[in-house]
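S.K.: This is what each chain is made of:
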Amino acid sequence: MDHGPGKILSLKGLTKWYGEKLVLDDIDLDVYEGQIIGYIGPNGAGKSTTVKIMLGLEASYSGEVEIFGQNIKESGVSYKKRIGYVPEAADLYDNLTAREYLTFTGELYGLTADSADYKARILMGVFNLEDVYDSRISSYSKGMKQKVLLISSLLHDPDILFLDEPINGLDANSVMVFKEILAQLASQGKTIFYSSHIMEVVQKISSRILLLNDGKIVADGSFEQLRQKNKEGSLEEIFNQLTGFNEHQNLAEDFVQIVQRDHR
Amino acid sequence: MKNFTTLKILDLFRVIFERFEIDYSTMRRILQVKLTMDGRRPTTIMSQNRGGEKKQDANQFLKSLWFYAFIGLTLIPLLFIGDNFMFKMSLIFGVLMFLIMTAMISDFSSVLLDVRDQTVIGTRPVDHRTISAARAIHVSVYLFFLTAAIVSVPLVVGFVQFGVIFALLFSVTVLFSDLFIVAITALLYYVILKFFGGERLRDVINYVQIGLSFTIVIGYQVLARAFEFQGLQSSFEAAWWNVLLPPVWFGAPFAVILNGASGAYYYVFMALALLVPLIALWIYLSLLPTFEKNLLKLMDQAGPSKKKTTKGMNRLASLLTTSKEEHAFYQFAERMLKNERDLKLKIYPSLGFAIIFPFVFLYNGYSAGGSLDSITSGRMYLTIYASMMMIPGIVIMLQYSSKSKGSWIYHVTPLQSDAVIIKGTLKAFLIRLFAPVFVVISILYGFLFGIQIIPDLVIVLLIALIYSVICFRMLKGKLPFSQPLESAGQSDGWKTIPFALLIPVFGGLHFVVTNVPFGIWIYLVLLLFIVPLTWQRGLR
Numbered sequence: 001m002d003h004g005p006g007k008i009l010s011l012k013g014l015t016k017w018y019g020e021k022l023v024l025d026d027i028d029l030d031v032y033e034g035q036i037i038g039y040i041g042p043n044g045a046g047k048s049t050t051v052k053i054m055l056g057l058e059a060s061y062s063g064e065v066e067i068f069g070q071n072i073k074e075s076g077v078s079y080k081k082r083i084g085y086v087p088e089a090a091d092l093y094d095n096l097t098a099r100e101y102l103t104f105t106g107e108l109y110g111l112t113a114d115s116a117d118y119k120a121r122i123l124m125g126v127f128n129l130e131d132v133y134d135s136r137i138s139s140y141s142k143g144m145k146q147k148v149l150l151i152s153s154l155l156h157d158p159d160i161l162f163l164d165e166p167i168n169g170l171d172a173n174s175v176m177v178f179k180e181i182l183a184q185l186a187s188q189g190k191t192i193f194y195s196s197h198i199m200e201v202v203q204k205i206s207s208r209i210l211l212l213n214d215g216k217i218v219a220d221g222s223f224e225q226l227r228q229k230n231k232e233g234s235l236e237e238i239f240n241q242l243t244g245f246n247e248h249q250n251l252a253e254d255f256v257q258i259v260q261r262d263h264r
Numbered sequence: 265m266k267n268f269t270t271l272k273i274l275d276l277f278r279v280i281f282e283r284f285e286i287d288y289s290t291m292r293r294i295l296q297v298k299l300t301m302d303g304r305r306p307t308t309i310m311s312q313n314r315g316g317e318k319k320q321d322a323n324q325f326l327k328s329l330w331f332y333a334f335i336g337l338t339l340i341p342l343l344f345i346g347d348n349f350m351f352k353m354s355l356i357f358g359v360l361m362f363l364i365m366t367a368m369i370s371d372f373s374s375v376l377l378d379v380r381d382q383t384v385i386g387t388r389p390v391d392h393r394t395i396s397a398a399r400a401i402h403v404s405v406y407l408f409f410l411t412a413a414i415v416s417v418p419l420v421v422g423f424v425q426f427g428v429i430f431a432l433l434f435s436v437t438v439l440f441s442d443l444f445i446v447a448i449t450a451l452l453y454y455v456i457l458k459f460f461g462g463e464r465l466r467d468v469i470n471y472v473q474i475g476l477s478f479t480i481v482i483g484y485q486v487l488a489r490a491f492e493f494q495g496l497q498s499s500f501e502a503a504w505w506n507v508l509l510p511p512v513w514f515g516a517p518f519a520v521i522l523n524g525a526s527g528a529y530y531y532v533f534m535a536l537a538l539l540v541p542l543i544a545l546w547i548y549l550s551l552l553p554t555f556e557k558n559l560l561k562l563m564d565q566a567g568p569s570k571k572k573t574t575k576g577m578n579r580l581a582s583l584l585t586t587s588k589e590e591h592a593f594y595q596f597a598e599r600m601l602k603n604e605r606d607l608k609l610k611i612y613p614s615l616g617f618a619i620i621f622p623f624v625f626l627y628n629g630y631s632a633g634g635s636l637d638s639i640t641s642g643r644m645y646l647t648i649y650a651s652m653m654m655i656p657g658i659v660i661m662l663q664y665s666s667k668s669k670g671s672w673i674y675h676v677t678p679l680q681s682d683a684v685i686i687k688g689t690l691k692a693f694l695i696r697l698f699a700p701v702f703v704v705i706s707i708l709y710g711f712l713f714g715i716q717i718i719p720d721l722v723i724v725l726l727i728a729l730i731y732s733v734i735c736f737r738m739l740k741g742k743l744p745f746s747q748p749l750e751s752a753g754q755s756d757g758w759k760t761i762p763f764a765l766l767i768p769v770f771g772g773l774h775f776v777v778t779n780v781p782f783g784i785w786i787y788l789v790l791l792l793f794i795v796p797l798t799w800q801r802g803l804r
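Here the protein sequences line up with chains A and B, keeping their order. Under this note's numbering, think of the first position of the first sequence as 1, with each following residue one higher. Under this note's numbering, think of the first position of the second sequence as 265, with each following residue one higher.
Bound conformation, chain A alone:
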């Protein structure tokens, strides 16, 4: 794996319980500058939980989380100035207009209202949204909301990006623009955590792939490395193999049969 010199993020023995359920099981991980990490795993594997912990949304865990060389439990909140986040469920204040929302979040990151507004307007223009800049977000389509979230996560030029299903609802053209943005950011040394269920995209854009299953990292490496190791053709097949799933045919047959069964 090629990576820049700087270690930017490190997890040591990260463990998290939800009640009786073990969600993250003793995870160790080092992440370096310029990596695009495809963070994948089945539903409920603990992907979102890891991201929430790193963002300080989850305080009860054991183990250590170091970001920019500092333990986040001790460093206060200022490390978040250099982080951008796109949440999975499009949580945002949709009673605001895009201008109001983006200026607000920009200010929370320490930008001035004017410069946040200025940048946000131009970025909205890039995604062809300047017409609705002053309309309420609640009137937007899914893809438009997603674009607002993307802009909001990048407005302050962060060094780490956490993206949870970021292309959800985007049209094909916007996806291409977005992928190119990620590639350019990575080449400038930014680190990107890309969490998604769309394997084709992850396979294409990631420089390093992490597969999480049952709270453990079961695969870690570039796509080429994973392919050599597991002798499978695509990331999807590797994913199926490593998570021990091989009954999709049977399940699908059952499903269709049940739907067509006439019961009265």
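Bear in mind the hints are in silico, worked out from the structure with no lab data behind them. Being a predicted model, the structure only gives us computed values, none of them experimental. Any given hint could turn out to be false.
What the hints assert, rightly or not - Taking lysine-lysine and the BS3-like style, the derived pairs with C-alpha atoms no more than 27 Å apart in a straight line are:
no., chain 1, residue 1, chain 2, residue 2
1, B, Lys-667, A, Lys-145
2, A, Lys-142, A, Lys-119
3, A, Lys-73, B, Lys-458
4, B, Lys-588, B, Lys-602
5, B, Lys-557, A, Lys-12
6, A, Lys-81, B, Lys-557
Said to hold, decoys possible - Pulled from the structure, derived: some chain B residues nowhere near chain A, Cβ distances all over 10 Å:
no., residue
7, Ile-345
8, Val-428
9, Asn-628
10, Ser-666
11, Phe-711
12, Leu-749
13, Pro-762
14, Arg-801
Using N, Cα and C, we set each Cβ at its ideal position, and we do this for glycine too.
Assemble the complex: chain A is given as a structure, and chain B must be docked to it using the hints.
M.R.: What follows is chain B alone, placed relative to chain A:
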């Protein structure tokens, strides 16, 4: 975004916030956003129109203040009962704190416990303390408006009548009682958040909120009994258990300063009125960071779910509904009423009122008549009509849901008419919420008045069936659970009043009928014909 006057006033207190290590300018910015959002009506799924929505922002809450100002007028007569300030001020604070506390629990708890802030603000470089403070101030601002709306007219009247000292004293004590309520509620949530987590936590919070609303109602009744009415003269004998009634604390300063009352009790009450709010506030502010950390537990995912089905309820559902679609909506409404916490919070307290009110009326009749015999031999069982007071309030809430966007399902399914939706929902409401209350009261009344009131009780039940259909007219064709809960407001309170006034009419009619020989049997048979008719015709 507007620069709100409220925020300009808040700027004067900047130093205090900074002393508590709160990032004032960030907090101010958060508040500005929150106030802006409050001014905007949430859009419903069917009224979503793309593009330029240039409607004037109007804060629903501020509009509802007229309702509170109106209630405030009812405090004025209390100012003129006798000369004993201890008595009248305790009573006034009783009403005031009752109103504020219920508003606090049902309307502002969601603000105090908002977790959406976590993903939007918590992931940005803003510390927990500042987020919490912004939230507390947000609530306080509204409480301030609310209180001002209720007390301003009584304050002016009191100023004219009793002079400037009274006015000053009143303003200060009201402020302290507000502080008391915010801090105590927040501390209560703090304790719950500390001991519970996940789904369980959400349930516990809900039960505590409902229980608290109950307690306030009962406490209010106790307060009224703490004083003995003797004509217009009312006397007050302090007793140790008065310490448990906060409104009494706030009445004490008036008695001491304006009546010249003295005694250990008065000084204890005064000290409590002054110190408890301040201490509670101080504890709350020092616990802010942990409060916020524990709040994160609300976002925890749920564990595996347990499947609960009661065969009896299912059979009842099939028995009561006439078509498959209606059955589906009955089950749906039943689940919604059972599972939607925000909705439950608005609905369940009125169930408490429904149980208590008949007995309150009964008790008042008892105090007036003097003996138990004089009640049980009369027509006092008609006080059971008071339990119907819950119907308009709850029926109007049936249109709301915190997940109202799911209502697209009504429009994509091949339904012949909306009547099945409404019938199913109404039946579920009657069985799940009204029936338990009615049965409990009926049994108690049966013991009190004897079995000969059974036909009367059946009549009341039939009237309730007709009445709920009438009340459903209030919704003006809005489908159940289809409107965002945030848009529920005090304007709904206004709408229910004319419908509530029908209840005494029904009661009066019943009273007249009991004086006619065989009247109630004829009335009963008549109603048996009217009920199916209203359910068929009235729900179009």
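S.K.: Regarding the pair Lys-73 of chain A and Lys-458 of chain B, is the alpha-carbon distance no greater than 27 Å?
M.R.: Roughly 20 Å separates the two Cα atoms, so the pair holds.
S.K.: With d taken as the least Cβ-Cβ distance between Ser-666 of chain B and chain A, does d exceed 10 Å?
M.R.: For Ser-666 of chain B, whose nearest Cβ neighbour in chain A is about 15 Å away, the distance exceeds 10 Å, so it holds.
S.K.: Does Lys-557 of chain B lie within 27 Å of Lys-81 of chain A when you go C-alpha to C-alpha?
M.R.: 20 Å, holds
S.K.: Holds or violated: Lys-588 of chain B and Lys-602 of chain B, Cα atoms, limit 27 Å.
M.R.: 21 Å, holds
S.K.: Take the C-alpha atoms of Lys-667 of chain B and Lys-145 of chain A, compute the straight-line distance between them, and say whether it is at most 27 Å.
M.R.: 19 Å, holds
S.K.: With 10 Å as the threshold, tell me whether Leu-749 of chain B passes as away from chain A on beta-carbon distances.
M.R.: Answer for Leu-749 of chain B: holds, closest chain A Cβ roughly 14 Å.
S.K.: Taking 10 Å as the cut and beta carbons as the points, is Asn-628 of chain B off the interface with chain A?
M.R.: Correct as stated: the minimum Cβ-Cβ distance to chain A is 46 Å, above 10 Å.
S.K.: Taking 10 Å as the cut and beta carbons as the points, is Phe-711 of chain B off the interface with chain A?
M.R.: 46 Å, holds
S.K.: With 10 Å as the threshold, tell me whether Ile-345 of chain B passes as away from chain A on beta-carbon distances.
M.R.: 46 Å, holds
S.K.: Over 10 Å to the closest beta carbon of chain A is the bar; see if Arg-801 of chain B clears it.
M.R.: Consistent with the label, Arg-801 of chain B stays out of reach of chain A, its closest Cβ about 32 Å off (over 10 Å).
S.K.: Given the hinted pair Lys-557 of chain B and Lys-12 of chain A, is their Cα-Cα distance within 27 Å?
M.R.: Between Lys-557 of chain B and Lys-12 of chain A the Cα gap is close to 22 Å, so the pair holds against 27 Å.
S.K.: Would you say Pro-762 of chain B is clear of chain A, with no C-beta pair closer than or equal to 10 Å?
M.R.: The claim holds: Pro-762 of chain B sits with its nearest Cβ about 32 Å from chain A, beyond 10 Å.
Every hint, counting from the list given before, is met by this structure.
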